[in-house]
Amino acid sequence: MTLDGTNTWVLRGLGSGTAIVVDPGPADEGHLAAVAAAGPVELIVLTHRHLDHSDGVERLRELLDGVPVAAADPTLCRDAAPLTDGDRIDAAGVTIEVIATPGHTADSVSFVVSAGVDRGICTGDTILGRGTTVVAWPDGNLADYLATLDRLARFDGVPVLTGHGPLLPDCGEIARAYRAHREERIVQVRAALANGARTPADVVAQVYPDLEPALVPAAEWTVRAALAYLEHDTTDVGAIGDPVPQDST
Numbered sequence: 154m155t156l157d158g159t160n161t162w163v164l165r166g167l168g169s170g171t172a173i174v175v176d177p178g179p180a181d182e183g184h185l186a187a188v189a190a191a192g193p194v195e196l197i198v199l200t201h202r203h204l205d206h207s208d209g210v211e212r213l214r215e216l217l218d219g220v221p222v223a224a225a226d227p228t229l230c231r232d233a234a235p236l237t238d239g240d241r242i243d244a245a246g247v248t249i250e251v252i253a254t255p256g257h258t259a260d261s262v263s264f265v266v267s268a269g270v271d272r273g274i275c276t277g278d279t280i281l282g283r284g285t286t287v288v289a290w291p292d293g294n295l296a297d298y299l300a301t302l303d304r305l306a307r308f309d310g311v312p313v314l315t316g317h318g319p320l321l322p323d324c325g326e327i328a329r330a331y332r333a334h335r336e337e338r339i340v341q342v343r344a345a346l347a348n349g350a351r352t353p354a355d356v357v358a359q360v361y362p363d364l365e366p367a368l369v370p371a372a373e374w375t376v377r378a379a380l381a382y383l384e385h386d387t388t389d390v391g392a393i394g395d396p397v398p399q400d401s402t
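The working numbering applies: residue 154 is where the sequence shown begins, and numbers increase by one.
If you're looking for bench data, these hints aren't it; they were derived computationally from the structure.
Predicted model only: the values in this text are computed from it and were never measured.
For every residue, glycine included, the Cβ atom is placed at its ideal position computed from N, Cα and C.
Some clues are possibly wrong.
Pair by pair, the computed Cβ-Cβ distance ranges are [claimed, not checked]: (1) 191 - 243: 12 to 22 angstroms; (2) 180 - 368: 17 to 27 angstroms; (3) 186 - 354: 23 to 33 angstroms; (4) 157 - 347: 37 to 47 angstroms; (5) 368 - 204: 26 to 36 angstroms.
From just these sequences and the hints, can you work out the full model?
Here it is as structure tokens:
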């Protein structure tokens, strides 16, 4: 599910003697040592709470003599205030604008990074280098994710520094493609319900018939997010086993 592994981005402006680290990744000693060696680092920022992005943060802080950590989730912050939509960070010769991009998780944020005329956007798991992301219900929310994609679609021509996989050249283009894919999936889930699916597993079997077994749990999270969205969106979905709470949307 992490493709080639988690991408850690080390950001610095031209001529800067320090850097900002985005998403230390898992607690992999060799990886964290390589990140620390790319320092000095003055700030660590996290796109979201999932362990494949955040689990290495405490060890990296040890290697970097306790630099601050900023995230939207207050429990992940160390010597820094929680990140909120519209925050601006000026450090390491770059400017970072924080954008709340919930959907994959409730605490997901993206970072629009500028240095001179150059721009990029770190999206964590909101946009991946290959394939599409999981809306990790119940923390993830499909309505929020669709709104996030609409927001990211405005960043035409801005490269995406993805959380997994390769860099992508155009945030606006990929965000619109992601949204079209989600709309197609919603249609498929509706069709599965109309065709007699009664549980999330039933829907997965119809919508993802050739899915690798290891990916079935992730597909069920996404289907549950779609069911929660439809429960809010319409009254004629029909009953389904393992019901989704109304307040989850």
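Going through the hints against the structure:
1. Between residue 191 and residue 243 the beta carbon distance is about 20 angstroms. The supplied range of 12 to 22 angstroms therefore holds.
2. Distance hint for residue 180 and residue 368: a CB-CB separation of about 24 angstroms, consistent with the stated range 17 to 27 angstroms.
3. Between residue 186 and residue 354 the C-beta distance comes to about 42 angstroms, which lies outside the given range of 23 to 33 angstroms.
4. Range check, residue 157 to residue 347: about 38 angstroms between beta-carbon atoms, so the 37 to 47 angstroms window is met.
5. Our hint of 26 to 36 angstroms for residue 368 and residue 204 is violated, since their Cβ atoms are close to 18 angstroms apart.
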